[in-house]
Structure formats: structure tokens, C-alpha cells
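Take a look at the letters that make up each chain.
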Amino acid sequence: MSTSRRVTNLALLVSIGLVLSIIESTFPPLLPVPGAKLGLANIATVVALYAFGPGMAIEVTVLRSILGGLLRGSVVGLFLSFSGGIASTLVMIVIYLLLDRYISIVGVSVAGAVTHNVVQLAAAFLLIQHAALFFYLPYLVLLSVPTGLFVGFASRRVTVSLQGMFPATG
Amino acid sequence: MEQIAKSVPGKIKAGDIVLVLLVIAAAIAGVVLVSRASAGEKGSLAIIEVNGKEVRRLELSDKQGYRTLTVQGTLGPSTVAVEDGKVWMTESACRDKLCVGMGRIDFTGQSIVCLPNRVVIRIIDGAKPGSVDAITE
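From first to last, the protein sequence lines are chains E and P.
The opening residue of the first sequence carries number -3 in the numbering used here; numbering runs sequentially from there.
The opening residue of the second sequence carries number -17 in the numbering used here; numbering runs sequentially from there.
Hints in this document: simulated from the structure, not taken from any laboratory.
C-beta: ideal position from N, C-alpha, C; glycine also.
One or more hints might be untrue.
Stated by the list, open to error - Covered stretches of chain P, as calculated for chain E (at least 3 residues, CB under 8 Å):
| hint | segment |
| --- | --- |
| 1 | 3 to 11 |
| 2 | 27 to 34 |
To be verified - Listed next, the in silico EDC-like pairs over lysine to aspartate or glutamate satisfying Cα-Cα at most 16 Å (straight line):
| hint | chain 1 | residue 1 | chain 2 | residue 2 |
| --- | --- | --- | --- | --- |
| 3 | P | K(-7) | E | E55 |
| 4 | P | K(-5) | E | D96 |
| 5 | P | K24 | P | D78 |
Unchecked claim - Across the chosen pairs, the derived CB separations fall in these ranges:
| hint | chain 1 | residue 1 | chain 2 | residue 2 | range |
| --- | --- | --- | --- | --- | --- |
| 6 | E | L122 | P | R77 | 54 to 60 Å |
| 7 | P | K79 | E | V72 | 35 to 41 Å |
| 8 | E | F121 | P | E65 | 47 to 53 Å |
| 9 | P | T52 | E | F131 | 23 to 29 Å |
| 10 | P | E65 | E | F23 | 38 to 44 Å |
| 11 | P | L51 | E | F23 | 30 to 36 Å |
| 12 | P | S17 | E | Y98 | 52 to 58 Å |
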């Protein structure tokens, strides 16, 4: 894949992720719990991982977190989404590289959602230092199963279409 | 050159199901642990409410021995007993006496409810006033 094509794809994925997170921010909260989100934007990262590889997935996540934080104008939000996003992307990459035979894109997405919620809560704990936060943890983990499945199936759909459009020779 | 995806994302694999089940199991274990941790402390104060309004508070310190207290509910008197840090309902004017059958309670968050007579006993940690409010620093 040529550099210009790669940069274009990266830009497309980052903007898709940003738009998805803006769309999602208009939804009512799933649960009355901080951090309980559908995580639609993670579709961009999962698609990047499966259609273009780990490097692209990290780039998409980093750019998406920074730009998203700037767009929302919240430094705290940037810190939280950055830590959760990077950790979940790393976990997804590890599973993708090592356990690809056993775990599909859907399982990778669930693992990413769980990691995102756990790490984001841990990061929030660093800021707020309130042990009551961990009361939410099991509920967030439970919630990340359906949201991760949703994102996983959506990403699979997109990735299959993308691989039809961009043959593996790239 | 960009790395090409190893596998076309196809069918669900066995590991997906294992992963999802593991996550659900961990979350349920977490829910159980959290609810135990938050309800597992001995309370020091029993609050008795009639019709949603607090009428009496009882210290649950075990120094005072067995004692009872009667409050007037909607249907008639309810008698509450305290001993050894536990509180329970000994008599009630209600018909089904479910509240009497609820046994003795001593943990914060536990409660005995008599719906017909509108009497509620609930236990709080008397050391934390209010028990609902948080302190903002």
C-alpha cells in the first residue's frame, strides 16, 4: 500500500471513529453509570486492526483519542479515553497476533471493550481516589459483553466489505 | 508495506464463546463480591420508620441487654426488640406477621419491613452520619 493511500485510509478511519463517537454522544446513557457506553467508535479501531494491521489500529486509536479530547474540550476526558483506548487496543492486538486461531474479530472486540472499561475506571480512580468507583466495575464488565459483541459484529461486516474492495495485495 | 490481515474475519470461533463466558462469570463474581463488601458491616444504629418517617433510633450497642420498644403503626402497635447488637420484630398488629418471621438483623443495609403496618426497621452505620451523603473535598 502506497504511503498516500495509507494516510488516506488512516484519515478515513480516524474520522469515522470521531463521527461515531459524536453520534453516540447523542444517545441516552445505557446505564446510570459513568463510562457505560456502546463504544461505537471502537469499530474504527477493530476495523483498522483486521483490515490494515496492528500499526494502523494503534495510530487510529491515538489520533482518535487526542482529536476527540480536543473536540470535546475536556482534558480529563482525553486522559480517560486515551488510557482506556490504548490499553484496549494493545490487548486486542495481542489476541489478534497470538490467538487468531481461536478467537475471531467478535471475541477480540469483547476483550477490547472489557479492557477499555476496566482501564478507564482505574484511570478515573487515579483522578478521583474514591473507592466507591469500583462498585461499578462488575456492572461495567458485564455491560461490555453486549456492547463488545455489537461492535464486533459491526466491525466484521465492515471488514469483510473492505477486504472485498481492497484485495490483500493492497 | 502494510501488514495484511491474517484471516478474513469469518465465523465465531470456540475461543469467542469461552471468552464471553469467562467475562460474564468474572462479572457475576464481582457483583457478588461487591454486594457482600457493601452490606457486610455490622451496623450500630437501627432506624425505625412509620409511614416513611423516622420515629425512633435505637443504639445497637450490646451493653444494654435485652430491651423492647413499641411504636404505633397504621394498624396498631409494633414491638421491636434489641439484644446483642441485633434487632428484630417481636410483635406486630398486622395480619400475616411476615415481619416477625423475618428474624434478627445486624448488618448495615439490612431491613425488616412490615408493609401492612407501615413500619420499617433499617440498620445504618451510626459512625457515618447520614450514611447517604458524600463528602466533597
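Going down the list of hints, with the structure as the test:
For the segment 3 to 11 of chain P, the assignment as covered by chain E holds, since 6 residues bring a beta-carbon within under 8 Å of that chain's beta-carbons and 3 suffice. Beta-carbon proximity to chain E at under 8 Å applies to 0 residues in the segment 27 to 34 of chain P; the threshold of 3 is not reached and the given coverage is violated. With a CA separation close to 27 Å, the supplied pair K(-7)(P) and E55(E) exceeds the 16 Å bound. Proximity of K(-5)(P) to D96(E) is assessed by CA-CA distance (about 9 Å); at most 16 Å being required, the pair is judged to hold.
With a C-alpha separation of about 29 Å, the suggested pair K24(P) and D78(P) falls outside the 16 Å cut-off, and the hint is violated. For L122(E) and R77(P), the Cβ-Cβ distance of about 55 Å falls inside the hinted range of 54 to 60 Å, so the restraint holds. One distance hint, 35 to 41 Å for the beta-carbon pair K79(P) and V72(E), is violated here, with the actual separation near 54 Å. Taking the beta carbon of each, F121(E) and E65(P) are about 41 Å apart, not inside 47 to 53 Å as hinted.
One distance hint, 23 to 29 Å for the beta-carbon pair T52(P) and F131(E), is violated here, with the actual separation near 37 Å. As the Cβ distance of E65(P) to F23(E) is approximately 53 Å, the hint placing it in 38 to 44 Å is violated. Evaluation of the 30 to 36 Å hint for L51(P) and F23(E) yields a failure: the beta carbon distance comes to about 51 Å. In this structure, S17(P) and Y98(E) break the distance hint of 52 to 58 Å, their C-beta atoms being roughly 33 Å apart.
Hint compliance for this structure: hints 2, 3, 5, 7, 8, 9, 10, 11, 12 are broken, all remaining hints hold.
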